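Student: Protein sequence lines, in the order shown, are assigned to chains A and B.
Numbering-wise (numbering that gives the first Met the number 0), the first sequence opens with residue 0 and increments by one.
Numbering-wise (numbering that gives the first Met the number 0), the second sequence opens with residue 0 and increments by one.
Keep in mind the hints are simulated off the structure, nothing from the lab.
On a predicted model such as this, the values are computed, not experimentally measured, just so you know.
Mixed in with the good hints there might be a few duds.
[As the list claims (entries may be wrong)] Quick list of in silico lysine-lysine cross-link-like pairs, DSSO-like style, CA-CA up to 30 Å:
no.	chain 1	residue 1	chain 2	residue 2
1	A	K40	B	K231
2	A	K5	A	K353
3	B	K318	A	K5
4	A	K134	A	K221
5	A	K353	B	K318
6	B	K231	A	K163
7	B	K231	B	K318
8	A	K247	A	K221
9	A	K197	A	K163
10	A	K40	A	K197
11	B	K249	A	K247
12	A	K247	A	K134
13	B	K249	A	K134
14	B	K231	A	K33
15	A	K221	A	K5
[Unchecked claim] Far from chain A by the CB rule (all over 10 Å, computed), these chain B residues:
no.	residue
16	A56
17	L80
18	R86
19	V106
20	T131
21	I147
22	A164
23	G196
24	Y204
[As the list claims (entries may be wrong)] These stretches of chain B come out as covered by chain A in the derived footprint (C-beta under 8 Å, 3 or more residues):
no.	stretch
25	107-121
26	215-224
27	242-256
28	285-295
Built from N, CA and C at the ideal position, the CB exists for glycine as well.
As a plain string of letters, each chain reads:
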Amino acid sequence: MKKMPKWADVLLIPVINLTLAFLISGLVIWAIGKDPWVAIKTMVQGSFGDSRGLGYTLYYTTNFIFTGLAVAVASHARLFNIGGEGQATIGGLGVALVCLALPWPHWTLALPAAVIGGALFGAAWAAIPAYLQAKRGSHIVITTIMFNFIAAALMGYLLVNVLKEPGNMAAETRSFPPGAHLPTFHEMLAPFGIAFNKNAPANISFLVAILCLIGFYILIWKTRLGYAIRAFGQSETAAVYAGISPVKITVIAMLISGGLAGLMAINNVMGEAERLILNSVEGAGFIGIAVALMGRNHPVGVFLAALLFGFLYQGGAELALWESIPRELIVVIQGLVILLTGALDNMVRAPIEKLFLTFGKGEA
Amino acid sequence: MDFLTIIQILDSTVRLATPLLLACLAGLFSERAGVFDIGLEGKMLAAAFLSAAVAAATGSAWLGLCAGIFASVLMALLHGLASITFRGDQLISGVAINFLAAGLTVVIGQSWFALGGRTPSLMGAGRFEPITLPFAEALAEVPLIGPIYSELISGHSILVYVAMATVPLTWWVLFRTRFGLRLRAVGENPGAVDTAGISVVRLRYTAVIICGVLCGIAGSYLATGLAAGFVKDMTAGRGFIALAALIFAKWRPWHALGACLLFGLLEAIGNRYQNIDILGVTLPVQFMQALPYILTVVILAGFVGKAIPPRAGGAAYVKER
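All chains should be modelled from the sequences, with the hints used to inform the complete structure.
Tutor: Now the structure itself:
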């Protein structure tokens with residue numbers, strides 16, 4: 000059977016899906032009596048208009064690159080990791096323990112240590128569902144959902160009873176030492192004479208996220224392990240025939256996935272809050288699902304989708320502020336993106352494929 | 000712990016188990032027909048919102064219930080469209096429905112009532128009031144049986160009794176009717192059902208709609224029976240606990256009742272006591288909250304019997320061409 004050209008698959012269909020999602024969101028805005036046009040202008044202005052907005056957008060983007068890659072790496076092994084939220088929560092615990100353990104002299108020492116702490120804790124939280132899926136056939140979607148709730152309960156217990164500073168009313172750890180402070184964009188760009196807003200939370204974790212994108216590309220398409228992961232995702236029986244152990248690949252893919260989700264904590268816990276608070280992840284783990292789906296599990300796609308959701312997150316905050324449209328509008332958009340790019344993919348794909356087969360004989 | 004305390008805890012167990020039970024049986028129908036549903040939470044939430052909104056506007060809990068069922072069935076049809084008609088991923092569709100419901104309820108709620116996503120508090124006929132069963136007051140003074148009857152069995156809203164009646168009804172439909180046989184078959188081997196000349200698509204849509212109706216009752220109960228009005232995210236993970244209970248019950252109706260009562264009991268105890276001392280070990284309240292999830296993982300791990308889901312679950316049926 001003839002297929003449609005690759006550009007249609009990786010570009011045209013996501014763009015159509017996205018357009019549909021935005022059209023429906025526009026209808027929602029219109030239905031609640033607001034002007035969709037004003038809304039989109041407010042969002043763009045608020046998220047790209049000045050360096051403060053841009054700093055917030057890139058801060059959220061950083062979060063979503065990590066969680067998007069986490070979902071994507073598991074997807075390549077055909078594992079649906081829905082537990083990014085829990086893994087990022089526990090990753091935050093790892094980062095916080097590392098940051099609080101020593102009076103760090105300089106961030107160049109604290110950051111690598113925190114990277115290891117966050118990734119290890121995130122991976123550990125993914126390890127049990129991974130093992131259960133690989134060895135005992137427990138459905139990974141269900142176990143990772145359960146682990147999200149268990150992580151939330153565990154974090155509640157630890158912050159209220161163990162890690163809370165005595166005398167503090169809020170359930171949070173004490174602030175990290177000054178040596179664990181990560182350079183923000185303001186501090187990074189000032190030596191070059193570029194002025195960037197002082198209060199924007201975007202920080203050096205963004206560069207770590209970019210490194211992860213590159214590392215992801217190399218891992219998946221340029222290494223033997225990546226080949227094994229993809230082969231396993233394509234066909235388990237063929238992979239077994241080729242001598243790839245399903246148990247090993249499942250566990251490794253999930254450990255990498257959990258590690259990436261856990262890494263997110265260097266951005267939100269270490270870079271922004273500089274202490275561990277309740278619900279620090281704020282749903283970023285779930286957004287990773289939409290990011291990976293939209294980005295077709297490819298680093299370039301994940302970056303663009305993360306940027307899009309960074310824009311939606313920051314733009315959504317501006318909407319709530321100026322247009323009194325609740326922030327939850329972005330949850331609706333997120334749901335629509337997941338629905339259209341993930342579950343209703345065939346609704347758009349089938350007619351377009353047909354169009355290409357009928358008219359595109361020359362170019363296919 | 001005295002007798003009256005036990006009765007009170009069991010009383011709130013029944014009330015807290017009701018939404019779980021309805022959602023759990025909803026999932027049972029859907030998953031027995033081979034359509035996995037992790038969107039129970041979203042459907043309940045949508046139903047809770049619309050039922051409270053309509054009950055607030057009309058002052059009638061019954062109209063609210065109808066609206067709640069309508070909202071939930073709409074979501075269910077969306078799930079059916081994605082996972083049956085367009086053969087999309089059922090899990091992704093479920094996730095999307097949860098997000099849509101979580102977002103839409105607040106966005107629309109804010110627009111309608113401007114109360115930060117809440118609905119106005121329901122009063123009078125806008126709520127399902129407790130029903131006093133016959134002789135409850137007369138029997139109240141009788142030792143042992145009196146409190147059990149008047150406190151525990153009597154005095155719940157109508158939807159609690161509906162939920163309890165749904166258990167034998169579900170069992171009867173699934174295991175004693177031709178429809179139930181076909182429904183179970185379509186979850187195990189849709190090819191065989193298709194060969195017998197029965198429409199797989201129609202059966203699965205029916206199951207998904209039943210799931211929507213039951214989730215609708217569950218959500219309406221939350222907003223108009225258990226509480227008096229809708230608040231943002233009021234399902235608070237109950238859809239997932241119901242899913243956990245479904246696995247715990249190994250996709251069987253009577254076991255579902257047991258699992259939901261157990262999880263309801265855990266919630267009731269967790270609500271009443273902050274920390275519990277058992278043999279010198281203090282169990283924190285967070286442990287009680289996490290216990291249903293932990294138990295489900297243990298069950299899934301196969302350490303306490305094996306939970307085997309319907310074999311064709313999660314996969315779209317593609318008719319042979």
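Student: None of the hints should be skipped; say for each whether it holds.
Tutor: Against the structure, the hints come out as follows:
With a C-alpha separation of about 28 Å, the suggested pair K40 (chain A) and K231 (chain B) falls inside the 30 Å cut-off, and the hint holds. Distance restraint check for K5 (chain A) and K353 (chain A): the Cα-Cα separation of roughly 15 Å lies within the 30 Å cut-off, and the hinted pair is therefore satisfied. The straight-line distance between the Cα atoms of K318 (chain B) and K5 (chain A) is roughly 28 Å, inside the 30 Å bound, and the hint therefore holds. The straight-line distance between the Cα atoms of K134 (chain A) and K221 (chain A) is roughly 28 Å, inside the 30 Å bound, and the hint therefore holds.
Of the supplied pair hints, the one linking K353 (chain A) and K318 (chain B) holds, its CA atoms being roughly 19 Å apart against a limit of 30 Å. Taking the CA atoms of K231 (chain B) and K163 (chain A), the gap is about 28 Å. The hint holds against a cut of 30 Å. For a cut-off of 30 Å, the pair hint linking K231 (chain B) to K318 (chain B) is broken: about 42 Å separates their Cα positions. Restraint check for K247 (chain A) and K221 (chain A): the C-alpha separation of about 19 Å stays at or below 30 Å, so the hint holds.
For the hint pairing K197 (chain A) with K163 (chain A), the CA-to-CA distance comes to about 29 Å; that is within 30 Å, so the pair holds. At roughly 24 Å between alpha-carbon atoms, K40 (chain A) and K197 (chain A) fall within 30 Å of each other, so this suggested pair holds. For the proposed pair K249 (chain B) and K247 (chain A), the alpha carbon gap of about 29 Å is at most 30 Å, so the pair holds. About 10 Å separates the Cα atoms of K247 (chain A) and K134 (chain A), which keeps this hinted pair within 30 Å; it holds.
This hinted pair checks out: K249 (chain B) and K134 (chain A) have alpha carbons roughly 20 Å apart, not beyond 30 Å. A C-alpha spacing of about 21 Å is found between K231 (chain B) and K33 (chain A), which places the hinted pair at or below 30 Å, so the restraint holds. The hinted pair formed by K221 (chain A) and K5 (chain A) meets the criterion: a straight-line CA distance of about 21 Å does not exceed 30 Å. Residue-level check passed: A56 (chain B) sits 16 Å from the nearest beta carbon of chain A, beyond 10 Å.
Not every beta carbon of chain A lies more than 10 Å from that of L80 (chain B), the smallest distance being close to 7 Å; the non-interface claim is violated. Interface exclusion of R86 (chain B) from chain A breaks down, the closest Cβ pair being 6 Å apart, not more than 10 Å. Chain A draws V106 (chain B) into its interface by the beta-carbon criterion, the shortest separation being 5 Å against a cut-off of 10 Å. Against chain A, the non-interface label of T131 (chain B) holds: every CB pair exceeds 10 Å, the least being about 37 Å.
With a least beta-carbon separation of about 33 Å from chain A, I147 (chain B) lies farther than 10 Å from that chain, consistent with its non-interface assignment. With a least CB separation of 29 Å from chain A, A164 (chain B) remains clear of the 10 Å interface cut-off, as annotated. Non-interface call for G196 (chain B) relative to chain A: holds, since the shortest CB-CB distance, roughly 26 Å, exceeds 10 Å. At the 10 Å boundary, the C-beta of Y204 (chain B) stays outside the reach of chain A, the nearest C-beta of that chain being 16 Å off.
With 4 residues carrying a beta carbon less than 8 Å from a beta carbon of chain A, the stretch 107-121 of chain B meets the three-residue requirement, and the given coverage holds. Counting residues of the stretch 215-224 of chain B whose C-beta sits closer than 8 Å to any C-beta of chain A gives 0, which falls short of three, so the coverage hint is violated. Taking a C-beta to C-beta cut-off of 8 Å, the stretch 242-256 of chain B contributes 3 residues in contact with chain A, enough for the three needed, and the coverage statement holds. Requiring three or more residues with a Cβ within less than 8 Å of a Cβ of chain A, the coverage given for the stretch 285-295 of chain B holds, as 7 such residues are present.
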